[in-house]
Amino acid sequence: MSHSVRAARPISPKRVDLSVRIGSLELRNPILTGSGTFGYGDEYAHVVDLATIGGVVTKTVTVRPRAGNAPSRVAETPAGMLNSIGLENVGLERFRDEKLPRLRKLKATVIASIGGETPEELETLLRALGGEQGVGAFEVNFSCPNVAAGGARYWADPGRLERTLAMLRPLTPKPLIAKLSPDVTDIRETARACERGGADALTAVNTFVGMAIDLDAMRSKLGKATGGLSGPAIKPLALARCWEAAHAVRIPVLGSGGIASGRDALEFMAAGATAVQVGTATFVEPEASSRVLDEMRAWLAARGHARVRDLIGAFNAEHAQERAPRATS
Amino acid sequence: MAAVTRTWKQVAARVREHRAYGPGFRWLELDVPAGFAAPVAGQFVQLLLDFPSPVLLPRPMSVASASKRGARLSIGFLYAPVGAGTRALAQLAQGATLHITGPLGRGYPLEERGTPVLVAGGRGVAPLLMAADVLARSRRRCEFVFGARTAKLLVGLDEARERLAKRGSKLHLATDDGTRGFHGNVVQLLTQLAPGLQPPVVIHACGPHGMLGAVARWAMANGARAHLAMESVMACGTGVCRGCPLPRSAAGRERVLAEGAKAAALKGNPDWAMCCTDGPVFEACELDWDRVE
Numbered sequence: 001m002s003h004s005v006r007a008a009r010p011i012s013p014k015r016v017d018l019s020v021r022i023g024s025l026e027l028r029n030p031i032l033t034g035s036g037t038f039g040y041g042d043e044y045a046h047v048v049d050l051a052t053i054g055g056v057v058t059k060t061v062t063v064r065p066r067a068g069n070a071p072s073r074v075a076e077t078p079a080g081m082l083n084s085i086g087l088e089n090v091g092l093e094r095f096r097d098e099k100l101p102r103l104r105k106l107k108a109t110v111i112a113s114i115g116g117e118t119p120e121e122l123e124t125l126l127r128a129l130g131g132e133q134g135v136g137a138f139e140v141n142f143s144c145p146n147v148a149a150g151g152a153r154y155w156a157d158p159g160r161l162e163r164t165l166a167m168l169r170p171l172t173p174k175p176l177i178a179k180l181s182p183d184v185t186d187i188r189e190t191a192r193a194c195e196r197g198g199a200d201a202l203t204a205v206n207t208f209v210g211m212a213i214d215l216d217a218m219r220s221k222l223g224k225a226t227g228g229l230s231g232p233a234i235k236p237l238a239l240a241r242c243w244e245a246a247h248a249v250r251i252p253v254l255g256s257g258g259i260a261s262g263r264d265a266l267e268f269m270a271a272g273a274t275a276v277q278v279g280t281a282t283f284v285e286p287e288a289s290s291r292v293l294d295e296m297r298a299w300l301a302a303r304g305h306a307r308v309r310d311l312i313g314a315f316n317a318e319h320a321q322e323r324a325p326r327a328t329s
Numbered sequence: 330m331a332a333v334t335r336t337w338k339q340v341a342a343r344v345r346e347h348r349a350y351g352p353g354f355r356w357l358e359l360d361v362p363a364g365f366a367a368p369v370a371g372q373f374v375q376l377l378l379d380f381p382s383p384v385l386l387p388r389p390m391s392v393a394s395a396s397k398r399g400a401r402l403s404i405g406f407l408y409a410p411v412g413a414g415t416r417a418l419a420q421l422a423q424g425a426t427l428h429i430t431g432p433l434g435r436g437y438p439l440e441e442r443g444t445p446v447l448v449a450g451g452r453g454v455a456p457l458l459m460a461a462d463v464l465a466r467s468r469r470r471c472e473f474v475f476g477a478r479t480a481k482l483l484v485g486l487d488e489a490r491e492r493l494a495k496r497g498s499k500l501h502l503a504t505d506d507g508t509r510g511f512h513g514n515v516v517q518l519l520t521q522l523a524p525g526l527q528p529p530v531v532i533h534a535c536g537p538h539g540m541l542g543a544v545a546r547w548a549m550a551n552g553a554r555a556h557l558a559m560e561s562v563m564a565c566g567t568g569v570c571r572g573c574p575l576p577r578s579a580a581g582r583e584r585v586l587a588e589g590a591k592a593a594a595l596k597g598n599p600d601w602a603m604c605c606t607d608g609p610v611f612e613a614c615e616l617d618w619d620r621v622e
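Protein chains in written order, with our numbering: chain G, 1 to 329; chain S, 330 to 622.
If you are wondering where the hints come from, they were derived from the structure by calculation, not from laboratory data. Backbone N, C-alpha and C fix where the C-beta goes; we use that ideal spot for every residue, glycine too. Where hints are given, some of them may not hold.
Subject to a maximum C-alpha distance of 27 Å in a straight line, what follows is the list of computed BS3-like cross-link-like pairs (lysine-lysine) [stated by the list, open to error]:
1. S/Lys397 <-> S/Lys499
2. S/Lys495 <-> S/Lys481
3. S/Lys338 <-> G/Lys107
4. S/Lys481 <-> S/Lys397
5. G/Lys105 <-> S/Lys338
6. G/Lys14 <-> G/Lys107
Away from chain G, derived, C-beta distances all over 12 Å, residues of chain S [stated by the list, open to error]:
7. Val384
8. Asp487
9. Glu488
10. Leu575
11. Glu622
Could you put the whole structure together from the sequences, leaning on the hints where they help?
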């Protein structure tokens, strides 16, 4: 793969090939919405043309319905926000009976996020959903910072990740994407464990564990002591984790963390991501994912890049001291 | 499956007027482009400051007036600059632009039959100023009960008086310290007024959650219906982030479970209601007032 990232004559934005591939899943472009920030897609269908963005990652579903955490669940912090939602969701049965039929009607590639407190719960979910129509891939949420059991800490164990993915891999013909926590000593270890277990791709990263204290009340600004930090505040941190993960594995990586512009998205791709997820930016601007896509296309066209794929890992080609990433398609 | 029609959108709006409005309060009037749906009293709008803003997230704010000037919609807000977001908002000059998302949430069911009693606490008066307007336009009388800790916190009093005068509606004031009107709180005043009200009584209220809980309990104990506009910290305001939970009552829970799939589109959760999409206006019986913070 060549990395022709030097300036060239501008081309028409229509001529830019934005398609990328995540395992067997072809995406029309690399812009996805992050899990938990876009509902089940139809909530935003009247403001974002779902036929244009790369895909929608749905709210994490668990075997049983989860009521979520007690208030407060969100608190703004400098250039970011903490959340402690606690995986509120309708549970497997209602997801299959009520949400899936709606997802099938969307003009979007749907990636279903699943979460479990144990490997067995993930097995139950994939046995039930693995062959369902209307789902293009599964993202396994190994990194929720806000649940007592089966959260980011539980899934930080590389051995557990590898064994679990090896057990899950045969249960669906669709790509399995492992969403990783940034709160580990070395993300390359969890990334490699997922690859060895059979993951088709990684998402790097989920939110960072954070805190905010109301000093006057001497209590957390959330219902729990800690929450997950997202937004522009984490972008440089997430970018570094994404870059590390992308260079540790051969499988594609989906970049996530504070992406709010086309340039942000391209930074993650230059660092090695094959696609990206726009999350918190949607809370600020419902059409953020569309705008990020437009900005990405315009940036590429203005510099004469005919294929976004050529930008993947481009940062390393420019900086020869780092090992170049492998081709992803 | 219930068909859910979403009409909210994000648009650029322009500051038409921005002025002090009583001690510590401000009135913000925005010109809103065509295509932005006219809000219902009790609905809210997310206000987002343009770059560079000291805050990231938009701020949810209850609509205090909505008026058409020709084809142009203008929307008014009554607020107190108390946090980083609202203090920055307070700096906006006439002609400045910002982005607004809305209208969001469920407003007051003002069409409900009965004697409308609007109950406001402090700056919670904002959506009820609009409710009074709407009732006046549909030629309906109402009782307007307005309470605050002290007289100077009866913000928007002149505005309220003017709006009420049109239809012979009555304004009843209460202050905790007795500096104006009835010496006591709005629930005590309601109790005093109740015998003179033509049943059925339908309360529409907004104010601090403690006051709303007291109004809700009073209504349930006295056979009145009550619709309470709640507040919460929010992120998205559109139902997807699940960030603004309020505790449902047993009855509220039963109702969601009974509605089943039909309700699922909007109300996925029998335990917690989302302030943004299930509310911000709730019926008294829907919430567990002992657990409301």
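State the violated hints by number, sorted upward, taking the hints as numbered earlier in the document. Going through the list in order, the structure violates hints 4, 7, 10, 11 and respects the others.
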